[in-house]
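Start counting the sequence shown at 1; every next residue gets the next number (the UniProt record's numbering).
Calculated from the structure, these hints are not laboratory results.
Think of the CB as a built atom: it goes at the ideal place given N, C-alpha and C, for glycine as much as any other residue.
Some hints could be false.
To be verified - For each label pair, taking beta carbons as the anchor points, the in silico distance ranges come out as:
#1 Ala233 - Ser167: 31 to 39 Å
#2 Ser17 - Pro236: 13 to 21 Å
#3 Ser85 - Arg164: 18 to 26 Å
#4 Thr117 - Arg81: 26 to 34 Å
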Amino acid sequence: MRDIRLIVSDLDGTLLSPDHSLSEHVAGTIRQYVKEGGLFTVATGRPYRTAMPVIQELGIDIPVILSNGAVLAEGGRVLERYCLSVKNIADMLLDFHLMGLSVLLFREHEIQTFARTEEIEAYEHKERVSCSVISARSSRWTAGELEKVILIGNLLAFNTVWDRWESVHRHAVSPFQSEADYVELVSGQVSKGFMLQRLSRTLGIEAGRIMAIGNQMNDLSMLQLAGIGVSVANSPIELQMASDYVSQASYGEGVIEAINRFVHGGKGIWKYGDWPIEDIR
Numbered sequence: 001m002r003d004i005r006l007i008v009s010d011l012d013g014t015l016l017s018p019d020h021s022l023s024e025h026v027a028g029t030i031r032q033y034v035k036e037g038g039l040f041t042v043a044t045g046r047p048y049r050t051a052m053p054v055i056q057e058l059g060i061d062i063p064v065i066l067s068n069g070a071v072l073a074e075g076g077r078v079l080e081r082y083c084l085s086v087k088n089i090a091d092m093l094l095d096f097h098l099m100g101l102s103v104l105l106f107r108e109h110e111i112q113t114f115a116r117t118e119e120i121e122a123y124e125h126k127e128r129v130s131c132s133v134i135s136a137r138s139s140r141w142t143a144g145e146l147e148k149v150i151l152i153g154n155l156l157a158f159n160t161v162w163d164r165w166e167s168v169h170r171h172a173v174s175p176f177q178s179e180a181d182y183v184e185l186v187s188g189q190v191s192k193g194f195m196l197q198r199l200s201r202t203l204g205i206e207a208g209r210i211m212a213i214g215n216q217m218n219d220l221s222m223l224q225l226a227g228i229g230v231s232v233a234n235s236p237i238e239l240q241m242a243s244d245y246v247s248q249a250s251y252g253e254g255v256i257e258a259i260n261r262f263v264h265g266g267k268g269i270w271k272y273g274d275w276p277i278e279d280i281r
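Let the hints inform the model, and build the full structure from the sequences given.
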């Protein structure tokens with residue numbers, strides 16, 4: 001049994017329920033784990049503004065990984081940030097837009113989009129944010145930097161455009177599938193695994209003493225870096241095959257299962273409020 005010191009979990013599709021809420025069962029279990037001396041943080045595709053409610057609810061006071069590894073932040077303060085130059089990828093983003101994909105541009109304090117589509121409205125409802133609409137014909141949006149881009153829609157349309165641009169941008173841009181119809185673009189050097197490595201150095205914790213938990217292919221790099229990489233039951237088969245352990249339970253219950261198995265030695269599924277304190281290591 002490895003001596004796990006730090007647990008890092010994805011949010012949507014992993015820690016959170018299908019309706020993107022945090023259940024009290026899951027939250028209480030994590031708070032108890034931290035109370036007994038464990039370290040817990042999240043690695044999410046969300047920016048700080050939409051990840052903040054969960055971070056605050058769990059009382060996380062160590063750095064968190066945001067925007068698929070583009071940002072490392074603590075207490076709302078950015079520690080490290082790796083961005084995309086909008087000017088360099090503007091033509092490609094317009095191609096995605098013209099192919100019918102909904103495009104979300106994530107700046108430090110604002111989310112922009114070219115059109116208010118059904119996908120954009122669903123995203124706003126899910127994340128409880130408002131996106132600013134900016135004309136694709138304007139040159140104003142091509143200035144500055146982006147933490148990431150989300151493309152929502154048909155993956156075949158994404159592949160068609162990416163095939164045209166990959167030879168140009170493959171070193172500067174990394175694409176990750178984060179949901180069934182979401183592809184996210186970040187800076188070429190960035191991934192959750194890249195930033196988890198930076199976090200492990202910051203905290204002075206060896207990768208072998210980290211357990212990472214996820215549910216999509218954008219989690220693969222951190223599952224491979226960690227001493228134990230766990231995919232929850234609702235993960236695609238490609239991620240499951242690359243994991244050290246696949247939970248029988250889905251979403252947050254899968255996170256609890258992994259904690260029970262790898263932190264507490266598989267002594268049964270404990271419920272929040274019923275922890276055998278003498279067995280906790």
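Hint by hint, here is what the structure shows:
{"no.": "1", "hint": "Ala233 - Ser167: 31 to 39 Å", "verdict": "holds, 38 Å"}
{"no.": "2", "hint": "Ser17 - Pro236: 13 to 21 Å", "verdict": "holds, 19 Å"}
{"no.": "3", "hint": "Ser85 - Arg164: 18 to 26 Å", "verdict": "holds, 19 Å"}
{"no.": "4", "hint": "Thr117 - Arg81: 26 to 34 Å", "verdict": "holds, 28 Å"}
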